[in-house]
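**Student:** Here is what each chain is made of, one letter per residue.
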Amino acid sequence: MIRARGLCFSYTGNAPFVLDGVDFDVRAGDYISIVGDNGCGKSTLIRIILRAIKPIRGSIECTAARIGYVPQRNDFSNLQFPITVFEAMNSYRNLLKEPHRSEIFRMLDWVGMADFANRLVGTLSGGQLQKTMIARAMLGKPDLLILDEPSTGVDRSSQREIYGLLKEWNVHNGLTILSVEHNLDAAVANSTLIYHMSGGSGHMCVPERYMREYVQPDEPSDRPYERNDEVC
Amino acid sequence: MLKYAFMQNALLCSICISVLCPCIGVFLVLRKYALIGDTLAHSSLAGVAIGLSVHMNPILGAFIFTSICGAMIEYLRSVFEKYADLVLSIILSLSVGIAITIISSGKLRTNAEAYMFGSILTITKTDLYMAIGLSVLAVVTLIVLYHQMIYIAFDEEAAIVAGVKVKWLKYAFSVLVASAISVSIRIVGMLALSAMISIPVATALQLDKGFKWTLLFSIAFSAADILLGLFLSFYLNVAPGGFTALVSVIVLMLVVAAKKVLRTYKKRGLQNNGASDIL
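Residue numbers (this note's numbering), protein chains in the order written: chain A, 1 to 232; chain B, 233 to 511.
Hints listed in this document are in silico derivations from the structure and should not be mistaken for laboratory results.
Computed from a predicted structure; not experimentally measured.
C-beta: ideal position from N, C-alpha, C; glycine also.
It cannot be assumed that every hint is accurate.
Ranges between beta-carbon positions, derived for each pair [what the hints assert, rightly or not]:
no.: 1; chain 1: A; residue 1: H182; chain 2: B; residue 2: D317; range: 31 to 41 angstroms
no.: 2; chain 1: A; residue 1: A15; chain 2: B; residue 2: A316; range: 27 to 37 angstroms
no.: 3; chain 1: B; residue 1: Q503; chain 2: A; residue 2: R66; range: 49 to 59 angstroms
no.: 4; chain 1: A; residue 1: C205; chain 2: B; residue 2: V372; range: 47 to 57 angstroms
no.: 5; chain 1: A; residue 1: R119; chain 2: B; residue 2: R495; range: 39 to 49 angstroms
Stretch by stretch, here's where chain A covers chain B in the computed footprint (C-beta under 8 angstroms, at least three residues) [unchecked claim]:
no.: 6; region: 265 to 276
no.: 7; region: 326 to 336
no.: 8; region: 356 to 367
Subject to a maximum C-alpha distance of 30 angstroms in a straight line, what follows is the list of computed DSBU-like cross-link-like pairs (lysine-lysine) [to be verified]:
no.: 9; chain 1: B; residue 1: K444; chain 2: A; residue 2: K54
no.: 10; chain 1: B; residue 1: K399; chain 2: B; residue 2: K441
no.: 11; chain 1: B; residue 1: K402; chain 2: A; residue 2: K54
no.: 12; chain 1: A; residue 1: K54; chain 2: B; residue 2: K399
no.: 13; chain 1: A; residue 1: K97; chain 2: B; residue 2: K499
no.: 14; chain 1: A; residue 1: K97; chain 2: B; residue 2: K444
no.: 15; chain 1: A; residue 1: K54; chain 2: B; residue 2: K397
no.: 16; chain 1: B; residue 1: K357; chain 2: B; residue 2: K264
no.: 17; chain 1: B; residue 1: K492; chain 2: A; residue 2: K97
no.: 18; chain 1: A; residue 1: K97; chain 2: B; residue 2: K397
no.: 19; chain 1: A; residue 1: K54; chain 2: B; residue 2: K264
no.: 20; chain 1: A; residue 1: K141; chain 2: B; residue 2: K399
no.: 21; chain 1: B; residue 1: K499; chain 2: B; residue 2: K441
no.: 22; chain 1: B; residue 1: K339; chain 2: B; residue 2: K264
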């Protein structure tokens, strides 16, 4: 679905490069978590896939017919905007030229936010906002869902709900998911592949290998997530 | 009062302005860009001066020059990405420079003061038709681009992902702002124009409603401010622009005070209910 070769990017146009020769492949049905330290280029990579920015060098092909995007909650500073959950969903539906208004309630119902349709977005909790953003991203039936740190600022029970939903869509509906993650436990528990980024490039591996190669054995293992086998 | 033809023209013009200014203002305020109104108001004065100096309709001159300045602001914002206020002061300097140079040259046969303070006496039938035409054009464009404009203000990145041509729409919006300002300058005046763009919206925001209701309340507050300002300025024999700005600030303060009183009242009601439950 995505094939990127030799991607280079720098915000100044010169060295040092945030991305320096990134090769990246995503197949339909994958659930890939992109992990790495702050500033390693995770969000930059997804912004290139979203075509919000252009790489300085390299090529990227994306065959996804429609992409859904859930922004990083910290980036979403416009919480004072006077808009209800329904209005935010309805305007987005119009942008996507999705004809069925009923899709809004179907998606809100799916993420458990149907009762909050008339609430102002700015009055939602972190978990409620994130679920609304996921419902919005799922409008228009995307075949690729891109999330930027979906668990940031979200309490643990909402995190479990969100990752449960993502896993369900991935397994039952074949939705391809690409998620930038700081939450390593969630990444290991839910993804089919993990893309570890450092020094401007990355390395794809299965979660088990990632645990062996990158996570220290004596690291504390306070893991609230277990592999979601019941939906597999 | 309405038996005078100039008052009839002023009233119709005011109705156009009371719909147009908040429709534009709501997007400007929510994009945290309210001061662009002030900058473009100065540009429109320069446009009026240019129009008068080349014997063109001054409102048309204001519309063309303000549109150019609006597009320049959008372009310069991409050049000075992190210094949005710097861009506004560059365009402000350019506009004030042109306006002062032309007005002080003494070559204008008309008094440009009417455009600075607003005047109901000088509104002609041509001005009125132009006001109606530009208002209809702006409102129709806003209706067509309503959802795109909401998303550019609310979540620009999501708009880009959904395939909205954000860059071009921002330029189109600059032209809409220019048309709103050109229409309003005649009656409200350059100096009080930014008040009409931002204060009714600020008042409506106090009601904590969704977007549609915020927009509708902005129009209602704007209509109340402008019509009250127009009628009272007629009887008090003062410039309508300044008086309308005063009225709009008073209405805002009343709404803020009413909101505070209601909150305190509700809080006390809840406390009393809580106390009676315990007893």
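**Student:** If you test the structure against every hint from before, which numbers come out violated?
**Tutor:** The structure breaks hints 5, 6, 7, 8, 9, 13, 16, 17 and 22; every other hint is satisfied.
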